[in-house]
Amino acid sequence: GAGVSQSPSNKVTEKGKDVELRCDPISGHTALYWYRQSLGQGLEFLIYFQGNSAPDKSGLPSDRFSAERTGGSVSTLTIQRTQQEDSAVYLCASSLGRPLPGLAGELFFGEGSRLTVL
Amino acid sequence: KNQVEQSPQSLIILEGKNCTLQCNYTVSPFSNLRWYKQDTGRGPVSLTIMTFSENTKSNGRYTATLDADTKQSSLHITASQLSDSASYICVVILVSGGYNKLIFGAGTRLAVHP
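Line by line, the protein sequences are chains A and B. Numbers in the working numbering are just positions in the first sequence, counted from 1, shifted up by 10. Numbers in the working numbering are just positions in the second sequence, counted from 1, shifted up by 23.
No lab work stands behind these hints, which were simulated from the structure alone. This one's a predicted model, so the numbers in the text were calculated from it and none came from an experiment. Beta carbons: idealized from backbone N, C-alpha and C, even for Gly. It is possible that part of the hints are untrue.
Stated by the list, open to error - Pulled a few chain B residues facing chain A out of the computed Cβ check, cut under 8 angstroms:
{"#": "1", "residue": "Gly66"}
{"#": "2", "residue": "Pro67"}
{"#": "3", "residue": "Ile72"}
{"#": "4", "residue": "Thr79"}
{"#": "5", "residue": "Lys80"}
{"#": "6", "residue": "Tyr85"}
{"#": "7", "residue": "Phe127"}
{"#": "8", "residue": "Gly130"}
{"#": "9", "residue": "Ala134"}
{"#": "10", "residue": "Pro137"}
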């Protein structure tokens, strides 16, 4: 697609429920990142995919969080047994896996999925 | 520890005025540095990239500087417009484990008032 697409754009759930957030990256981008942004805060790294593998998942805050990527494209972030502190905007970004010199770090972000846990 | 610190945390200026945002980092090994603009409710968008050898780079009314010796960068906005109201995020990129790892600052929230 033309840009990174995320769904749903807004999700309200009850504490203890599971949620799935979806990211459809830019076609041809092999690198995919998930970030979390709480209200008024900076971006918190969650996980990085290169292709279908996740060489860096060091940012996942607990074992309730998991993510997968299939076909080197769409990724799903799953939060099990949601807690109120999980409320945040979850941002997905994609980039070229091996960028040209000088282009490193140019991530293209989606609009985010706003999660509210009641 | 790899860190990126930005100042001020927030800033209010009048339309037409200039402003400068600061970024200090302790990231090694340094690859390059980007400034991102994040409008409210939107994802961040890259404004400019600075490599180790570059001191200054302009993108329209935005001018970024980099001092790799002191590990400082600034973003100068000239003749501000209402549409400049956003968060500006300094991001330092390092190569770790064979891929580009991004270290994000907390951002400076800029409000431009008429």
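Cross-check of the supplied hints:
At about 3 angstroms, the closest approach between the beta carbon of B/Gly66 and any beta carbon in chain A falls short of 8 angstroms, and the interface hint on this residue holds. With a cut of 8 angstroms, the hint placing B/Pro67 at the interface with chain A holds, because the nearest CB-to-CB distance is about 5 angstroms. The beta carbon of B/Ile72 is positioned within 8 angstroms of a beta carbon in chain A (closest approach about 7 angstroms), and the interface hint is therefore held. Below 8 angstroms, beta-carbon pairs count as interface contacts, and B/Thr79 has none with chain A, the closest being about 15 angstroms; its hint is therefore violated.
Of the supplied interface hints, the one on B/Lys80 is violated, with its beta-carbon coming no nearer than about 11 angstroms to a beta-carbon of chain A, more than 8 angstroms. Given hint, B/Tyr85 at the interface with chain A, is violated; its Cβ is 16 angstroms from that chain's nearest Cβ, farther than 8 angstroms. Here the hint on B/Phe127 is kept, as its CB sits about 5 angstroms from the closest CB of chain A, short of 8 angstroms. Here the hint on B/Gly130 is kept, as its CB sits about 6 angstroms from the closest CB of chain A, short of 8 angstroms.
With a cut of 8 angstroms, the hint placing B/Ala134 at the interface with chain A is violated, because the nearest CB-to-CB distance is about 13 angstroms. The interface hint given for B/Pro137 is violated, since its Cβ lies 24 angstroms from the closest Cβ of chain A, which is over the 8 angstroms cut-off.
Checked against the numbered hints given earlier, this structure breaks hints 4, 5, 6, 9, 10; the rest are met.
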